[in-house]
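Visitor: Build the full structure now, drawing on both the sequences and the hints.
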Amino acid sequence: MRVSSSDPITTLYSEHRGWLHGWLRKKLGCAHNAADLAQDTFIRIVAAFKGNDDAATQLREPRAYLTTVATRVLSNHYRRLSLERAYIEALRLMPEAAAPSPEDRLVILETLNEIDALLDALPHKARIVFLAAQLDGLTYNQIALEYGIAPRSVRRYMALAYERCLAPQT
Numbered sequence: 001m002r003v004s005s006s007d008p009i010t011t012l013y014s015e016h017r018g019w020l021h022g023w024l025r026k027k028l029g030c031a032h033n034a035a036d037l038a039q040d041t042f043i044r045i046v047a048a049f050k051g052n053d054d055a056a057t058q059l060r061e062p063r064a065y066l067t068t069v070a071t072r073v074l075s076n077h078y079r080r081l082s083l084e085r086a087y088i089e090a091l092r093l094m095p096e097a098a099a100p101s102p103e104d105r106l107v108i109l110e111t112l113n114e115i116d117a118l119l120d121a122l123p124h125k126a127r128i129v130f131l132a133a134q135l136d137g138l139t140y141n142q143i144a145l146e147y148g149i150a151p152r153s154v155r156r157y158m159a160l161a162y163e164r165c166l167a168p169q170t
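So the sequence shown is residues 1 to 170, counted in my numbering.
Since the hints were made in silico from the structure, they are not lab data.
The beta carbon of each residue, even a glycine, is placed where N, CA and C say it ideally should be.
There's no promise every hint is true.
[What the hints assert, rightly or not] Pair by pair, the computed Cβ-Cβ distance ranges are:
| # | residue 1 | residue 2 | range |
| --- | --- | --- | --- |
| 1 | A97 | S75 | 36 to 42 Å |
| 2 | G51 | A167 | 16 to 22 Å |
| 3 | Q142 | T71 | 46 to 52 Å |
| 4 | Y87 | Q142 | 58 to 64 Å |
| 5 | A90 | L59 | 39 to 45 Å |
| 6 | G148 | E61 | 37 to 43 Å |
| 7 | P100 | P168 | 23 to 29 Å |
| 8 | L81 | D104 | 32 to 38 Å |
| 9 | R155 | A90 | 29 to 35 Å |
| 10 | R105 | T71 | 28 to 34 Å |
| 11 | E61 | R155 | 15 to 21 Å |
| 12 | A31 | L109 | 22 to 28 Å |
| 13 | S75 | T139 | 50 to 56 Å |
Guide: Structure, rendered in structure tokens:
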């Protein structure tokens, strides 16, 4: 069924939303999560084509494009679930008196998800260098030796990571 619209994103949504929801439902086994992730997929598409409607009209294989974007959204979903499970397990091991309140837990979990998204947006080498410095406590020279990267590149990757982490988020 073709929908007549001057907005290519609206057309893409109208023609393929049901298909995408079904595809995600098969992957997730849950209609509610599938609906959420389908919406997230279209939100990403809207953001990607913002100011460039011509690109949206030139999609030759819209379902292949939707599958690619939805696969990334699905991957992020699973990563968030894994992060949440690890956090819940860490809370379970804490003494009850030291455990944060439910409100604090939510804030902490949201912050962890934001950090995860920031790290995920970094180039691979920058992410590795940043995590080696922050989590493993390695010096720049140790990172350079460990990963076979020039010390100048380590400094450049760290600067990029700090810049991205400190930049205001939109």
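Visitor: Look at each hint and say if it fits the structure.
Guide: Consistency of the hints with the structure:
no. : hint                    : verdict
1   : A97 x S75: 36 to 42 Å   : 37 Å, holds
2   : G51 x A167: 16 to 22 Å  : 21 Å, holds
3   : Q142 x T71: 46 to 52 Å  : 36 Å, violated
4   : Y87 x Q142: 58 to 64 Å  : 29 Å, violated
5   : A90 x L59: 39 to 45 Å   : 43 Å, holds
6   : G148 x E61: 37 to 43 Å  : 40 Å, holds
7   : P100 x P168: 23 to 29 Å : 26 Å, holds
8   : L81 x D104: 32 to 38 Å  : 20 Å, violated
9   : R155 x A90: 29 to 35 Å  : 32 Å, holds
10  : R105 x T71: 28 to 34 Å  : 30 Å, holds
11  : E61 x R155: 15 to 21 Å  : 42 Å, violated
12  : A31 x L109: 22 to 28 Å  : 24 Å, holds
13  : S75 x T139: 50 to 56 Å  : 33 Å, violated
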